[in-house]
Amino acid sequence: MLTEQQVSHFNTFGFLIFRQFFKPDEMKTINAEVESRLASTKRFTAPDDAPAYMSWPNLGPETPFLAGLPEDPRICGTAEQLYGEDAIGLSCNAGSYVNQTHWHPDASDFHLYGFKFALYLQPLRAHDGALRFILGSHRRPFHDEVHQNIGESVQNVGDFPAYVCETEPGDVVAFDFHLWHASWGGSTDRRMVSIIFIRNPQTSEEEKATRKAAVENVQLRATLARNTFDTPGPEYHPHWLENPGKSSKRQYWIDRMGELGYLNAPQPLSTS
Amino acid sequence: MLTEQQVNHFDTFGFLIFRQLFSPEEVKTINAEFEHALTSAYRHAPFDGTYRHWVRTMGPETPFFAGLLEDPRFCEPTEQLYGEDCLGIVSDANRYVGHTRWHPDHLVDPTEDCYGVKFAYYLEPVGAETGALRLIPGSHKNPLHSSLRENLDSYQLEICDVPAYVCESEPGDVVAFDVRCWHASWGGAIDRRMCTVVYYKNPKGSEEEAATRKRATSSVKEPNNSGLPFETHRDIMSYWAANHEGSARRQRWIDRERELGFLDYL
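Protein sequences, first through last, are from chains D and B. Here the numbering used here is used: the first residue of the first sequence is 1, the next is one more, and so on. Here the numbering used here is used: the first residue of the second sequence is 1, the next is one more, and so on.
No wet-lab data here; the hints were simulated from the structure. We put the beta carbon where it would ideally sit given N, CA and C, even for glycine. Be aware that a few hints might be false.
Stretches of chain B that chain D covers, calculated by requiring three or more beta carbons in the stretch to come under 8 Å of a beta carbon on chain D [said to hold, decoys possible]:
# : region
1 : 132 to 140
2 : 158 to 167
Restraint-style ranges between C-beta atoms, simulated for each label pair [unchecked claim]:
# : chain 1 : residue 1 : chain 2 : residue 2 : range
3 : B       : S23       : D       : G77       : 43 to 53 Å
4 : D       : G158      : B       : C160      : 12 to 22 Å
5 : D       : V7        : B       : K221      : 37 to 47 Å
Here are some of the chain B residues that sit facing chain D, going by a computed Cβ distance under 7 Å [said to hold, decoys possible]:
#  : residue
6  : Q6
7  : N8
8  : F13
9  : P60
10 : L144
11 : S146
12 : S147
13 : Y155
14 : T196
Bound-form chain D, shown alone (with noise of 0.2 Å):
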């Protein structure tokens, strides 16, 4: 249960950081099935043999762990807290990034909502991928200035003057959708995992932009699907869609999501 000065902090800011959020034993968890994953990846199959951008959905049985983080009190009591008791959990994925990344918002439309759960794998600074955030900037019309200014920009990421969230394993930041957000520097191998939710859409411009994005997320999940497996699988795996524990609250999600188009999508092409 969020502190209403931890809400506060998230809209003012647009994040938070919970420290520690994960035991060692569950980071050991989460560690083993990340790795196992990533093992069954064409991680090294670049031609010069570089390590690529590798990501992947976890809702699966084989990462049960991970698999259950979106039902997870901590998490989904969070979710419902800042985007309301209907919140939609989306996903629960992790990559192994490579290099750094340029600043973006996770959307740019603001008739869709939502956040990000970000677990970093390892220790993060400020030159070695941390997370960067532009404080402030998921709201209008900083978020809009921001994008003018970075968009015009041929400065490199770390120019920009931003706030760095260094974490250690087992640390949790938490950030809406419109933020701004990028790293910069980072190993072949930084790895984190992700678990998405977004607001229930709550009027017919909010469930547009909320379909219109499920298409797009769609063909961006079949694209790194298709770079990151030689056979890959379909992105909600059938035994979570099953339900068997009979989670009404999964129920709930999976029947919304189909609604919303994020599961009559097209599954992954295989490049083989």
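Here the structure of chain D is known, so what remains is to put chain B in place on it, guided by the hints.
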């Protein structure tokens, strides 16, 4: 002359950093004038680290400092950002003690307060834990400015734990920031030497003018907070207002500042 990119950066984030704006020779002169100005002004109460020392550096004893308001490196960017009729307000020198809490210098609503730019420069290298200026970029405008005013105290965060951008600087560097931008500093020596040059936008319309007069009224009381005899401030500002050099720019400032009440105490 600022580039378009610099103007956009300032407008968006509320500040700019000019690296090595002062040459090493100028830094030497600044150091010498700084020591002279503060030692001389506070000879009745030499600095012992218990409270901040502050003096305007616009008198005959600090000719380099006194010329900074009219230095094109300062007044021309200001004219670009705040209009050609902006007003040169003060050049000063400070010995700080301890941290500086989070605050903006001015209110965000131009019908409540005037606004402008402060050029700040430190005489020692300063970093995140050693007194560097911390800014919340973009907080010179709403909604961020007012959100911080309403909520920041309730977060009960240490100065260093408030998310911010740290302007690390070396002697010779200058940070220019909009006076409505939230800023602070953390750590630093007991004798943290910092100087500023400040300009205000010339108010337009009756509401802005009233807001600027309100600021003028409160700034007239400011000398009482310095621990210096009132005469020290009066003599320095009287010298500046006499405009012995016959500068047309300065005369314009003086005339307008007299109208607005900034020089009522002379």
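Do the numbers back the hint for B:Q6, that is, is its least Cβ distance to chain D under 7 Å?
11 Å, violated
Per-stretch coverage check for the region 132 to 140 of chain B, three Cβ contacts closer than 8 Å to chain D
Check passed, 5 qualifying residues.
Min Cβ distance, B:T196 to chain D: is it shorter than 7 Å?
20 Å, violated
Next item in the hint list is B:P60. Is there a CB on chain D closer than 7 Å to its CB?
39 Å, violated
Restraint check, 7 Å cut-off on beta carbons, for B:S146 near chain D:
10 Å, violated
Does the interface hint hold: is B:Y155 within less than 7 Å of chain D, judged Cβ to Cβ?
Given a least distance of 5 Å, the restraint on B:Y155 holds.
Restraint outcome when B:N8 is required to lie within 7 Å of chain D by C-beta distance:
Result: holds, 5 Å to nearest chain D Cβ.
Under 7 Å is the threshold here; is the Cβ of B:S147 close enough to any Cβ of chain D for the hint to stand?
4 Å, holds
Supplied distance hint 37 to 47 Å, evaluated on CB atoms of D:V7 and B:K221:
Holds, since D:V7 and B:K221 (Cβ atoms, about 39 Å apart) stay within the stated range.
CB-CB spacing for B:C160 and D:G158 relative to the 12 to 22 Å hint
21 Å, holds
Please verify that hint: B:L144, Cβ, nearest Cβ of chain D, below 7 Å or not.
Hint on B:L144: holds, closest Cβ of chain D at ~4 Å, below 7 Å.
Can you take a look at whether the region 158 to 167 of chain B is actually covered by chain D? Rule is 3+ residues, C-beta closer than 8 Å.
With 3 residues closer than 8 Å to chain D, the region 158 to 167 of chain B meets the three-residue bar; holds.
Consistency with the previously given hints fails for numbers 3, 6, 9, 11 and 14, ordered from lowest to highest.
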